[in-house]
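S.K.: The residues making up each chain are set out below.
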Amino acid sequence: MSALIVALAIAPLVCAVVTWFLPVRISKYLTVVVGTLTFVGALTLLSGTAHRTVSVGSVLRVDSLSVVFLLAVTFLYAATAIFTKGYLKVEPGSRGIRYGRRFYAGLNLFCWSLVVAPLVNGLALLWVAIEITTVVSALLVAIDDTQGASEAAWKYVVLASLGLGIALFATILMYYAGTSVFGAAYNLSYPTLLKGAVHFHPDVVRLAFVLGVLGYGTKMGLVPVHTWLPDAHSEAPTPISALLSGALLVVSFYAILRFFQIAVRTLGPAFPRDVLLIFGVATLLLASLYLLSQRDMKRLLAYSSVEHMGILAVGMSFGSPIAIFGVLLHVIAHAAAKGTAFFGVGSVVRKFGTKDMTKIRGGIGALPWSGALLVASVLALSAMPPFGIFRSEFLIVYGGLSDPRDVVAAIFVVLVTLAFFGLSWFTTQTMLSPDSTNVLEAASDTIVVVKGEVSLWIVASMVIGLAALVLLGVHLPSQLSELLHRAAYELRPPR
Amino acid sequence: MYHVPSTYQGVTAGMAVLVLLSEFAMLRAPLLRSQVRLYAFQSLVVSGLAAFVAASKHIDELYVLAGLSLMLKVILVPGLVLRLLRDADTDLAGSSVIGTASAILIAIGVSAFGFFAIGSLHVSSVSLPTSALAIACAVVLVAFVLIILRTDVVSQAIGFFSLENGVSVASLVVASGLPLIVDVAFLFDLLVAVVVFGVIMRVHHMRNETLSTTELDRLRG
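Going down the list, the protein sequences come from chains R and X.
For the first sequence, position 134 matches number 134 in this note's numbering, and the numbering has no gaps at all.
For the second sequence, position 49 matches number 49 in this note's numbering, and the numbering has no gaps at all.
No lab work stands behind these hints, which were simulated from the structure alone.
Watch out, some of these pointers could steer you wrong.
A few chain X residues that don't get close to chain R, going by computed Cβ distances all over 10 Å [stated by the list, open to error]:
| # | residue |
| --- | --- |
| 1 | Ala13 |
| 2 | Gly48 |
| 3 | Arg83 |
Rough simulated footprint, nothing fancy, chain R against chain X, three-plus residues with beta-carbon under 8 Å [stated by the list, open to error]:
| # | segment |
| --- | --- |
| 4 | 144 to 153 |
| 5 | 167 to 176 |
| 6 | 193 to 200 |
| 7 | 203 to 215 |
Some chain X residues close to chain R (C-beta under 10 Å, calculated; not the full set) [unchecked claim]:
| # | residue |
| --- | --- |
| 8 | Ala117 |
| 9 | Ile118 |
| 10 | Cys137 |
| 11 | Gln156 |
| 12 | Gly159 |
| 13 | Glu164 |
| 14 | Arg218 |
All C-beta atoms in this analysis are idealised placements derived from N, C-alpha and C, irrespective of residue type, glycine included.
Required output: the full structure, derived from the provided sequences and hints.
M.R.: In structure tokens:
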């Protein structure tokens with residue numbers, strides 16, 4: 001098992017280095033192979049780590065909570081690799097070759113940092129891993145070298161770095177809280193912190209937790225520190241948008257959960273839940289309102305991600321084990337659904353050459369497969385059965401209704417419905433509206449395109465994503481369900 | 001009976017105050033060049049602090065950290081930013097949303113807030129100087145003021161780097177016992193972050209032919 005964990009932590013990095021030197025046509029397949037292998041590795045961990053935590057040296061450690069996030073990240077890594085094979089068009093000539101190399105090396109490096117973050121042992125190393133995700137993804141946002149991309153990259157790098165500055169300060173305060181128990185020199189690993197957390201100074205832990213939520217919340221997209229998110233998601237190349245949305249945001253959520261795990265031991269469950277509740281409700285409210293006024297397709301999905309991060313925060317604030325189970329399932333289901341939706345949008349953008357939803361009409365007519373799959377993935381994102389998000393949101397609401405503050409669950413349902421309205425309105429308008437070529441008075445600014453898929457690889461990546469969502473929704477595999485139970489148990493407040 | 005601070009506490013607090021004062025000076029500095037030089041000075045103080053903590057607590061690894069941060073933050077990064085300024089050769093004066101006097105007033109306000117916020121935790125420790133932690137918190141908050149009020153990429157980047165200096169001060173006084181591997185990882189990470197800032201600053205300058213951020217308003221909604 002240890003060898004597998006080390007391999008998971010190294011393989012994407014090796015792949016990144018190798019793709020820098022290889023021609024793009026080989027890199028494409030290599031990335032698909034490595035991405036799929038890491039996902040298979042994560043699945044193996046699913047059964048291998050049952051009932052125990054595996055540590056490798058003092059640096060790597062895998063428990064059930066890590067495996068949950070590892071599954072989400074590696075699934076998206078594999079799916080994005082398949083999508084990118086069909087999506088990326090490299091212009092001939094040295095410029096195009098350079099772009100392709102940079103893109104694939106960057107993509108693999110980004111995935112490496114995302115895979116490593118749940119594997120490392122300790123708050124300090126976690127911070128380092130998440131900082132690496134920022135710097136790599138900031139360069140990937142800027143890679144298209146347009147004005148919009150440079151603006152989005154600047155906002156992203158400034159805001160995310162500041163957020164991580166705060167997160168680092170929170171990490172140091174957590175260390176400070178521990179010095180009263182362990183003395184001036186100790187190591188910030190999870191087992192040490194969890195063992196001593198009961199005796200930490202509560203005021204210091206309180207401050208560290210709030211700063212941790214604020215700092216990592218900047219990267220997770222919690223309101224009011226989400227402002228970089230729609231820009232970066234809309235200006236980045238689509239495979240990067242999918243990874244940002246489905247993997248990067250939840251990895252930051254993972255960091256918040258690690259702070260949560262310590263804080264509930266020191267402070268009891270009430271304070272950490274209240275903090276997450278405030279951030280979560282604000283996030284959910286703002287995102288569902290913004291969803292009603294978007295024109296840009298990728299921005300629409302970006303705000304949908306903000307909404308789902310709000311759902312995760314509110315779900316954690318309910319605190320009942322069933323709601324936490326739902327939150328962890330939501331992490332995986334959201335990764336699959338958001339990835340699939342971005343793949344579909346990538347296909348539409350390639351076809352129509354614009355992200356502006358007022359100019360796109362008759363999407364399903366032009367793209368019979370990926371268009372239909374896109375509509376399905378948007379329904380999945382809006383928590384329609386039979387998809388996985390239906391199950392996870394159902395469990396969260398169910399857990400919320402058993403909470404004394406069940407009014408929050410009611411607000412939650414209203415806001416999620418509002419978001420559903422915004423998301424489905426715009427998507428059905430662009431995808432299901434009649435084909436502009438068949439209408440006599442076609443609006444003059446809609447774009448007319450030839451019918452046909454952009455690439456079968458894109459369709460394949462979307463089919464895989466939706467199949468996973470149906471599996472999660474219809475029949476949750478028993479091993480996964482046990483894993484989520486154990487992870488929820490790890491997050492519980494001690495008796 | 002008064003509590004007499006030890007020499008160690010006195011010196012660390014004094015150096016932390018120097019870091020805070022240079023942060024204020026950055027806020028006041030009108031020219032971008034002088035801002036970069038102040039950052040170099042501030043980093044020098046932080047490196048000195050690292051060396052002092054290493055000497056008085058006999059943590060040899062911190063000498064490595066002090067040396068590395070001297071090379072990177074005092075020489076390399078300011079050098080690179082100054083070169084970018086020479087190449088850009090436009091808008092050498094920094095830009096600010098409000099006047100210097102008001103900016104300083106706000107900064108005094110937030111640093112007092114930071115100081116009392118840490119003070120209200122009522123934690124006292126024999127070996128660790130809490131006052132230096134409070135000052136580090138003030139440095140972080142003033143760096144935020146700097147970033148919010150300035151509207152050019154150089155000031156914003158320097159603001160972020162000096163925020164990191166503030167966090168470094170906190171980690172030196174509070175977490176000097178962290179294992180070396182973590183310290184080196186932090187430093188490596190910061191180096192990478194600085195490089196990325198540099199790259200994106202260059203991209204911004206090439207795309208927009210200015211260092212100002214006032215035109216970055218196309219993406220909204």
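S.K.: Using 10 Å as the Cβ threshold, decide whether Ala117(X) counts as touching chain R.
M.R.: Interface hint status for Ala117(X): holds (8 Å vs cutoff 10 Å).
S.K.: Minimum Cβ distance from Gly159(X) to chain R below 10 Å?
M.R.: holds (9 Å)
S.K.: Over 10 Å from every CB of chain R: does Arg83(X) meet that, or does the non-interface label fail?
M.R.: About 19 Å separates Arg83(X) from the closest Cβ of chain R, which puts it past 10 Å; holds.
S.K.: Over 10 Å from every CB of chain R: does Gly48(X) meet that, or does the non-interface label fail?
M.R.: holds (20 Å)
S.K.: So Ala13(X) supposedly isn't at the interface. Is its beta-carbon more than 10 Å from every beta-carbon in chain R?
M.R.: The claim stands: Ala13(X) keeps its Cβ more than 10 Å from every Cβ of chain R (closest is about 16 Å).
S.K.: Verify the interface restraint on Glu164(X): the C-beta must sit less than 10 Å from at least one C-beta of chain R.
M.R.: Constraint on Glu164(X) satisfied, holds at 6 Å.
S.K.: Do three or more residues of the segment 203 to 215 of chain X come closer than 8 Å to chain R, measuring C-beta to C-beta?
M.R.: holds (count 5)
S.K.: Close enough to count: is the Cβ of Arg218(X) nearer than 10 Å to one in chain R?
M.R.: This hint holds: Arg218(X) lies near chain R, its Cβ roughly 6 Å from the closest one there, short of 10 Å.
S.K.: Holds or violated: is there a CB of chain R closer than 10 Å to the CB of Cys137(X)?
M.R.: holds (8 Å)
S.K.: Would you say the segment 144 to 153 of chain X counts as covered by chain R, given the rule of at least 3 residues with C-beta under 8 Å?
M.R.: Holds, because 3 residues of the segment 144 to 153 of chain X bring their Cβ atoms closer than 8 Å to Cβ atoms of chain R.
S.K.: Hint validation: Ile118(X) versus chain R, beta carbon distance must be below 10 Å. Holds or violated?
M.R.: holds (8 Å)
S.K.: Does the segment 193 to 200 of chain X contain three or more residues whose Cβ lies closer than 8 Å to a Cβ of chain R?
M.R.: holds (count 6)
In the structure shown, no violation is registered for any of the earlier numbered hints.
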